[in-house]
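Counting in the UniProt record's numbering, the sequence shown runs from 1 upward without gaps.
Think of the hints as simulated: they come from the structure by calculation, not from any bench.
Honestly, I wouldn't trust all of these hints.
[Unchecked claim] Straight-line distance between alpha carbons at most 16 Å, and here's what the computed EDC-like set of lysine to aspartate or glutamate pairs gives: (1) K107 to D5; (2) K227 to D154; (3) K205 to D181; (4) K205 to D248; (5) K205 to E170; (6) K89 to D274; (7) K277 to E433; (8) K205 to E180; (9) K107 to E173; (10) K89 to D273; (11) K358 to E283; (12) K175 to D115; (13) K205 to D179; (14) K205 to D115; (15) K205 to D124; (16) K175 to E117.
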Amino acid sequence: MILRDALLNSLSTLPGTRDFHIHVLASSPRKHSGLFPYAIPRPRAYIQDILILLSEQNSSSAPRVLVTAIEANVYNIPATSCGILYISKVDGTGQGGVPSPTSTLVKAFLRYFVDPETRPIAVDTLWVQLFARAQTQYLFPNSADFPGKKPLSDVRLCAWWRKLFTEVAEGLEEKSRVDEDKDGGGGSTLDKSEGKDVEKTKSHKVTSRLYYVLPGYNELEAIQSLKLPLNPSTPSRWAYGHPYSQTDIPLPCPPNPNPKGHTGLGHFIPSFDDDPKNRFIDEIALTTDSNGIKSPKKKKPKTTLRKPDSKVNGQSRPRVEEEGEVEKKEKETEKGKEKDEEGEGEEEVTRAQGELDKVSADEFWERMSFRQECIAGAVTGFFALGVTPPSHSRDISISAPSPLAPQPGQVAPRLVRRVVASLMNGHEFSTTERSVRATQVLEDAIKGLCENIASVPTSNPNLSSTAHLLFLRDTDDQKTSEQDGGPVDTAGAEAKDGDEDGDGEEDHQDTTEVVPRVTLEVPRTPPPRRAHLPEISPNPFPEPVTSLETYHSHIYGSVSVRNPALPPKSSAANGSGVDGSASAQDKPVRVLAVRKKKRKTDS
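From just these sequences and the hints, can you work out the full model?
Written as structure tokens, this is what we have:
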């Protein structure tokens, strides 16, 4: 089952009468060297971008409006057969029906990757990680101005994610028990799906672990903040702390293979975009013993060497060395410096940078509580879910495909970046009218990009100011720019060709407006400058070419929901039946009389 169908199946269980339309954009894998930049040696990793847009329609004649969006990244580390699903952003417009489909959509999305039977990447272990920080808007610009949007507060958001992870883990374990009871024995099967031969045992039991940390709070304070029971009836599945000390579930980054080497903090903390852990570990890596970055060594001033065997006016005077001798000595000095630099470089490779070797994982999370992003007056949370099968029931791959090979339904990474850039820069969702217009433009843009449309007329009033830039093709300009060695000035070239008299004025006026080729980029925190990272070799597989067949079979889908609506809150609270005739206000109120105690008087 593909991701689109799994999400639609979960949405079909929502109460009410409405239609859902979904767009699932998953990019093809590409090489990524920044997941563990301070690990020695750096493991090979591959990344995929995922964007999910869900729109809702109250009736067949009503317009569609976007209600939920999910942006995530999937990492594949073949060295440890581990994968990481990082939830980057989840946002809603508040313009959908009740109940909101966001919780159901996110839960189905997590369950699809956590379940080994539906997981789209060939790994044994999967980690789900996210950083919960309450904001009024993430992916839908100006949606906070819509009166119907009620974003969760900081504490309620952390409690919401904790409940969501708990339901996903419980559902996975329940499914594994049911499958184990159905099979009821050992043995193995040969799975030839997706062009690979994988020997699988019939043991469906999985091991899951849940971890969470609220920076600045101990475990008791976190339980009190999230309003959790102190003595639950069933043992809690959650462990308060980080998962880097446990050994039940393999960690994504392999340890240092050198017996004399040290597995430091760079092997534990992954680096994600716009994540406070990433920025903090960069500061630790640049911190030295002197609590600062080392200054470069001062160069010695060059002196002119002279020999004492020359004479001027009968007197002995140092003679200037010949140019060839000076150059020879300078070359020898440079060679010595290069050898010293190579030796220093080897030492830097064998040891972690900065204080990464000195800071433990416990100290890292303790110091994380003092970061500005975690003490700005709002409660933030780090959540992690690890899932792995037993060691005896892991898949034995006979012939697995390359992790870089594109799968059916995947699109080029630049297409996902263009859609995200248009969503965050070219539209707004402050009113229903603007949201409807933005939904129409975005959905038409995704379909147009799959059809490889070259351009659309910019005079269309339904298009936003920058939405038409999605369709501009800049491949021709890039080729011409690479051949000439610089940017192409089309307007200047036309002016020079039109000036035949040489008087600096055009002989004819060309009123054609030249539309610049602009490719929007997603606004994000700039990546750190890491000069020590090696260059990534090119991808041997070509980028997938999308078509209408890909659009209809993997990207776009819809489902009509025709379920009973939720009962009103008043009847549910009263518990007096469906009609809710006997309300709490109609019940008589009994007033108790207070008897005053008479004081005893002294006789």
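Pairwise hint evaluation, D115 against K205, where the allowed Cα distance is 16 Å at most: 11 Å, holds
Restraint check for K205 with D179, where alpha carbons must lie at most 16 Å apart: Cα-Cα ~8 Å, so holds.
Take the C-alpha atoms of K205 and E180, compute the straight-line distance between them, and say whether it is at most 16 Å. 7 Å, holds
For a C-alpha distance cap of 16 Å, please report whether K205 and D181 respect it. 10 Å, holds
Are the Cα positions of K205 and E170 separated by 16 Å at most? 13 Å, holds
Tell me if the straight-line CA distance from K205 to D124 falls inside 16 Å. Given that 16 Å is the threshold and the Cα spacing comes to 13 Å, the pair holds.
Hint consistency between K89 and D273 [alpha-carbon to alpha-carbon, up to 16 Å]: 11 Å, holds
16 Å Cα cutoff - pair K107, E173: The hint holds at about 15 Å.
Holds or violated: K89 to D274, with C-alpha atoms at most 16 Å apart: 10 Å, holds
Pairwise hint evaluation, D115 against K175, where the allowed Cα distance is 16 Å at most: 9 Å, holds
16 Å Cα cutoff - pair K205, D248: 14 Å, holds
Verify the proposed pairing of K358 with E283, using a straight-line Cα cut of 16 Å. Judged against 16 Å, a Cα distance of about 14 Å means the pair holds.
The structure is inconsistent with hint 7 alone, although it conforms to all the rest.
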